[in-house]
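S.K.: Chains as they are written, first to last, in our numbering: chain A, 1 to 182; chain B, 1 to 257; chain C, 1 to 600.
The set of hints was computed from the structure by calculation and includes no laboratory data.
Every residue gets a Cβ at the ideal spot worked out from N, C-alpha and C, and that includes glycine.
Honestly, I wouldn't trust all of these hints.
[Unchecked claim] Heads up, incomplete: computed chain A residues facing chain B, CB under 7 angstroms, no partners named:
id	residue
1	His51
2	Ala88
3	Ile91
4	Asn92
5	Glu141
6	Asp165
7	His176
8	Ile179
9	Tyr181
[Said to hold, decoys possible] Covered stretches of chain C (in silico footprint by chain B; criterion: 3 or more residues with CB under 8 angstroms from a CB of chain B, positions within the stretch not fixed):
id	stretch
10	9–23
11	53–63
12	493–499
13	503–514
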Amino acid sequence: MNAPTKKLRVATTSLAGCFGCHMSFLDIDERLLELVQLVEFDRSPLTDIKHCGPCDIGIIEGGLCNAENVHVLREFRANCKILIAIGACAINGGLPAQRNHLSLSAILEEVYHAQHGLVDGFIPNDPELPLPLDKVHPIHEVVKVDYFIPGCPPSADAIWKVLTDLLAGKEPELGHGLIHYD
Amino acid sequence: MSQSNTFTLDGKTIPYSEGQTIIQAAMAAGEYIPHLCFNPEFKPHGSCKLCTVKANGRQTASCTQHPAPDMVVESDTKEINDERRTLLQMLFVEGNHFCPSCEKSGNCQLQATAYQLNMMSPHFDQFFPDRPLDASHPDYLLDFNRCILCSLCVRASRDVDGKNVFALSGRGIKSHLIVNAKSGRLADTNFSGDDKAAHVCPVGVILKKRVGFAIPIGSRSFDEQPISATPHPQGACPVGPRSNAATLPPHPTVKDA
Amino acid sequence: MLNQADTHAGYLDPILIRHRHNANDLLQILIAAQDHYGYIHSDAIDHLSGQLGLPRSKIEGVSGFYSFLHLQASGEYRVLFSDNITDRMLGNMDLMQSLCSQLWVEPGKVSEDGLLSINTTSCTGLCDQGPALLVNNIAINRLTQERVNAIGELIRERLPVSAWPAMFFAIEDNIRRRDVLLGSHPKPGSALAALLQQGAAETLQQIKISKLRGRGGAGFSTGSKWELCRDAPGEQHYVVCNADEGEPGTFKDRVLLNSYADRVFEGMTLCARIIGATRGFLYLRGEYRYLLEHLQAVLQHRRQQNLLGDAILGQADFNFDIEIHLGAGAYICGEESALIESLEGKRGTPRNRPPFPVTHGYLNQPTVVNNVETFAATCLICLQGGAWYAGIGTETSSGTKILSVSGDCERPGLYEYPFGVTVSQVLSDCGAKDTQAVQISGPSGVCIAPDEFNRRIAFEDLPTAGAFMVFDRSRDMFEVARNFVHFFKHESCGFCTPCRVGTSLLSNMMDKLSHGHGSPYDFAEIEKLNVLLQSTSHCGLGHSACNPVLDTIARFRPAYDKRLAHKEFVPAFDLDRALSQARQMTGRDDTGAHLERSHE
Ligand SMILES: Cc1cc2nc3c(=O)[nH]c(=O)nc-3n(C[C@H](O)[C@H](O)[C@H](O)COP(=O)(O)O)c2cc1C
Ligand code: SF4
Ligand code: SF4
Ligand code: SF4
Ligand code: FES
Numbered sequence: 001m002n003a004p005t006k007k008l009r010v011a012t013t014s015l016a017g018c019f020g021c022h023m024s025f026l027d028i029d030e031r032l033l034e035l036v037q038l039v040e041f042d043r044s045p046l047t048d049i050k051h052c053g054p055c056d057i058g059i060i061e062g063g064l065c066n067a068e069n070v071h072v073l074r075e076f077r078a079n080c081k082i083l084i085a086i087g088a089c090a091i092n093g094g095l096p097a098q099r100n101h102l103s104l105s106a107i108l109e110e111v112y113h114a115q116h117g118l119v120d121g122f123i124p125n126d127p128e129l130p131l132p133l134d135k136v137h138p139i140h141e142v143v144k145v146d147y148f149i150p151g152c153p154p155s156a157d158a159i160w161k162v163l164t165d166l167l168a169g170k171e172p173e174l175g176h177g178l179i180h181y182d
Numbered sequence: 001m002s003q004s005n006t007f008t009l010d011g012k013t014i015p016y017s018e019g020q021t022i023i024q025a026a027m028a029a030g031e032y033i034p035h036l037c038f039n040p041e042f043k044p045h046g047s048c049k050l051c052t053v054k055a056n057g058r059q060t061a062s063c064t065q066h067p068a069p070d071m072v073v074e075s076d077t078k079e080i081n082d083e084r085r086t087l088l089q090m091l092f093v094e095g096n097h098f099c100p101s102c103e104k105s106g107n108c109q110l111q112a113t114a115y116q117l118n119m120m121s122p123h124f125d126q127f128f129p130d131r132p133l134d135a136s137h138p139d140y141l142l143d144f145n146r147c148i149l150c151s152l153c154v155r156a157s158r159d160v161d162g163k164n165v166f167a168l169s170g171r172g173i174k175s176h177l178i179v180n181a182k183s184g185r186l187a188d189t190n191f192s193g194d195d196k197a198a199h200v201c202p203v204g205v206i207l208k209k210r211v212g213f214a215i216p217i218g219s220r221s222f223d224e225q226p227i228s229a230t231p232h233p234q235g236a237c238p239v240g241p242r243s244n245a246a247t248l249p250p251h252p253t254v255k256d257a
Numbered sequence: 001m002l003n004q005a006d007t008h009a010g011y012l013d014p015i016l017i018r019h020r021h022n023a024n025d026l027l028q029i030l031i032a033a034q035d036h037y038g039y040i041h042s043d044a045i046d047h048l049s050g051q052l053g054l055p056r057s058k059i060e061g062v063s064g065f066y067s068f069l070h071l072q073a074s075g076e077y078r079v080l081f082s083d084n085i086t087d088r089m090l091g092n093m094d095l096m097q098s099l100c101s102q103l104w105v106e107p108g109k110v111s112e113d114g115l116l117s118i119n120t121t122s123c124t125g126l127c128d129q130g131p132a133l134l135v136n137n138i139a140i141n142r143l144t145q146e147r148v149n150a151i152g153e154l155i156r157e158r159l160p161v162s163a164w165p166a167m168f169f170a171i172e173d174n175i176r177r178r179d180v181l182l183g184s185h186p187k188p189g190s191a192l193a194a195l196l197q198q199g200a201a202e203t204l205q206q207i208k209i210s211k212l213r214g215r216g217g218a219g220f221s222t223g224s225k226w227e228l229c230r231d232a233p234g235e236q237h238y239v240v241c242n243a244d245e246g247e248p249g250t251f252k253d254r255v256l257l258n259s260y261a262d263r264v265f266e267g268m269t270l271c272a273r274i275i276g277a278t279r280g281f282l283y284l285r286g287e288y289r290y291l292l293e294h295l296q297a298v299l300q301h302r303r304q305q306n307l308l309g310d311a312i313l314g315q316a317d318f319n320f321d322i323e324i325h326l327g328a329g330a331y332i333c334g335e336e337s338a339l340i341e342s343l344e345g346k347r348g349t350p351r352n353r354p355p356f357p358v359t360h361g362y363l364n365q366p367t368v369v370n371n372v373e374t375f376a377a378t379c380l381i382c383l384q385g386g387a388w389y390a391g392i393g394t395e396t397s398s399g400t401k402i403l404s405v406s407g408d409c410e411r412p413g414l415y416e417y418p419f420g421v422t423v424s425q426v427l428s429d430c431g432a433k434d435t436q437a438v439q440i441s442g443p444s445g446v447c448i449a450p451d452e453f454n455r456r457i458a459f460e461d462l463p464t465a466g467a468f469m470v471f472d473r474s475r476d477m478f479e480v481a482r483n484f485v486h487f488f489k490h491e492s493c494g495f496c497t498p499c500r501v502g503t504s505l506l507s508n509m510m511d512k513l514s515h516g517h518g519s520p521y522d523f524a525e526i527e528k529l530n531v532l533l534q535s536t537s538h539c540g541l542g543h544s545a546c547n548p549v550l551d552t553i554a555r556f557r558p559a560y561d562k563r564l565a566h567k568e569f570v571p572a573f574d575l576d577r578a579l580s581q582a583r584q585m586t587g588r589d590d591t592g593a594h595l596e597r598s599h600e
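This is chain A alone, in the form it adopts within the complex (with noise of 0.2 angstroms):
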């Protein structure tokens, strides 16, 4: 692959997600050298940045499970010129949406009263902590998003894939093998 005159500028963040998908990047293995040839990282587990800054691929895991989720995905949203939903979580709310069919309410209050075992429970308060969503949502119903590369997680083979289609200005495309959903 001829490297860009310029270094694409690459944003990665985990929502409500298990770092599974950013494992599964980080299997890309030894073409990781390769790719960093070719972008730079900005906010993301491998960087210490964070916030989000103007970048060029924004790539989010996991859906949106609390108010912090829908901060950090608008950050993105704003600041990437193209935004990657990456696995099963972001894409359809995943195993967090699990909750979906129970009441909110009812969930906080099982886990901080009802549960056994629990005395003087109450439900954590700090102005610090983000509060929960009545529903997990996946990102694509809250921003628009551009491209998904499905999976739980994706495989390196697939993401790779999508990120090279994309650095050469390609539409991306996953075959057979590539594409799948667990």
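Got chain A; can you put chains B and C with the ligands on it based on the hints?
M.R.: What follows is chains B and C with the ligands alone, placed relative to chain A:
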């Protein structure tokens, strides 16, 4: 006189015989047209509309539409595949499809068809319906979250097993599957694992207990080949008679829901 | 001791006997069975299942399909407010809210004492005298605050509906313009006598010459339909009159059945003679159940006059009788193949076609399905000749059409015109002022704007099943479309994916716009849905479900632009509201406990 008993499918000549529908003739000729509610063993139903093609310029369900001599049928076109993908996305958001925790994953026709048609996201907002599952039966589990209302289990139980274990109730978006018991529980029906109905579900609703995830990722039905290259998937049931499920050691019974 | 099922045998067995234990009559049996408790008791299903030899799952599946059948207790008084846009325009929502607060019940729920439930239902066909409601399936018109207060009082006093003031149930015909059909009063039996005189083949010929086309919407040639059916091989042939009249804003069949029932039945009998049928059905929408007694009486009278039954008018080989089947709150059962499924006691799901009912209809036998008005018109043709009829109307739309006019006009009601009448003529006749739009043929028809009011009611221009809803400039055409979209969502049968899910998606999108969360993105989505529903839906309901939105976007764009608060995509739900449960549970209200609407 052109008395040809053939039509063309994406330019290929397909012979057909009296009574065959477009998809039946296409399958016999080894051609794949996406489908979900159609199963070659059963009378065509025509509800999922995944098999939509353009026949002489008009969209129609190829599982119920009979061909006419020299009919021009288009199937694998961008326009039609885009529509099919949207139909799939509708099915995905209508139910709760969390493939990573689904035993059918890798053997699921809905999922495999979505791969085939490059469905990268469900696109629409999720409905997140509340559909409790039925784990009452000692050997089988019903996870209604994944039901696509294809009616195959209904047809199999009624027409093959002569039992009517399953039926559809409700209307519109509230349509849902019910079982033939006053309690509403599968355990109280005469359902049996030997029923045809136990093995036709194209998705992960009717599942045999204690054999889930038996087939390793990589060797499941649609891991090796895309659905288009898998001949007659027929509801490919990973825990059906064709699998090695019977040889697996029993697990402790899942607590009834 | 009596076991559970036996306690139900008491009221179920007479019903079963009346229906000869015929499983094809399942829907009719369930409707009758429900009268006992106001819902279908789970033990009653055991009894029916045993007696009819039907699996329980089938009985539950059928019950679950129809809005008016209940498997759970739903109150001794079941109040359903008609929710067509015309009812809305007349203030039905406030009246419903008022009744709810009077009786301490939430819409859609059963009151705690189990006394009543209040909900909305699709158009009940009383748009000319709305707002309307159904109480235990009996219609009450012209609701006012006083009337609603009185109803609340009657329910509180637990007075049976049969003892309520008769004036509540005084449904009017409101015939405003009569032409050849509504203006003539041939003697019952005269058309049959004419048929016997000229012969069945010649009568069919006259119907073909008349160029009569179906009045139920699709406009298929009636003569050809009868001929195809006559010529189709079968053990039995059947005649079915489609009186499902579910298209919102349509109520002409209601009047025909109320005041011209003889004519309708006579048309069916003509058809029977021509196609060789001995049995006929009138499929009467559940909303018109109050007409049932009257219709039964007309049938009985005709039997006495030897116009129905065995050896009609002395012809030994002319035997024909008509049964009335009730619907139970499912618009889709107006679609002819769904109607036939319903007649067979099944869920009202449209069949795969071909084959069509003319060759494979009721019990897979050749069947003619025609609209009420179509049958009524055939009597006229039989009496006055096909050429006479063909001379009325336009070249391709012969005869007259009855319009059900409602909405913003001084004189709502029935208007019969020769085909070809302009919309503006109708508007001036009904006293419509400052008209912004007319919805022709209901939600599945078209919505037109003033620059099209010179268009004509005719198959070649504005085809219609009869609805003509008028909206003046004070009306919000976006809300009109939204009401129609909710209607389609409620009435989708759920059989096919595009319509089952698509009508919900469309309804959600319209709600999203209505809540101020709209952007051009949503417009594109609506357009995409429209294309998909048109091309892949199984039946006409899905094909037309997007029409109201597309028509109003094309013609009343400002009503939508008002709602496009955003240039970029915003979520359908309110993010700040999505935190409200958490705020409540934690007692927090600091800035961090809120999310502003959007990032823009
Ligand atoms: C969703 C849907 C609803 C319909 N509702 C009615 C109805 O209420 N009454 C009616 O006569 N035709 C209705 N039709 C049309 C019927 O399918 C059929 O064409 C008609 O009854 C034939 O009678 P005609 O030829 O006399 O018009 C409906 C069609 C569709 C697709
Ligand atoms: S049924 Fe198929 S699509 Fe649905 S969750 Fe299971 S594997 Fe995924
Ligand atoms: S359970 Fe399976 S086979 Fe039965 S209707 Fe649902 S998806 Fe189809
Ligand atoms: S288009 Fe709608 S009403 Fe018609 S069959 Fe499909 S789901 Fe049913
Ligand atoms: S496969 Fe043809 S409609 Fe489902």
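S.K.: Look at each hint and say if it fits the structure.
M.R.: Against the structure, the hints:
1. His51: Nearest chain B Cβ about 27 angstroms off; hint violated.
2. Ala88: holds, 6 angstroms
3. Ile91: holds, 5 angstroms
4. Asn92: holds, 6 angstroms
5. Glu141: At about 5 angstroms, which falls below the 7 angstroms cut-off, the nearest Cβ of chain B leaves the hint on Glu141(A) intact, so it holds.
6. Asp165: violated, 13 angstroms
7. His176: This interface hint holds because 5 angstroms falls under the 7 angstroms limit.
8. Ile179: holds, 5 angstroms
9. Tyr181: holds, 4 angstroms
10. 9–23: The restraint on the stretch 9–23 of chain C is violated, since only 0 of its residues have a Cβ under 8 angstroms from chain B and three are required.
11. 53–63: Check passed, 7 qualifying residues.
12. 493–499: Per the Cβ count (6), the hint holds.
13. 503–514: holds (count 4)
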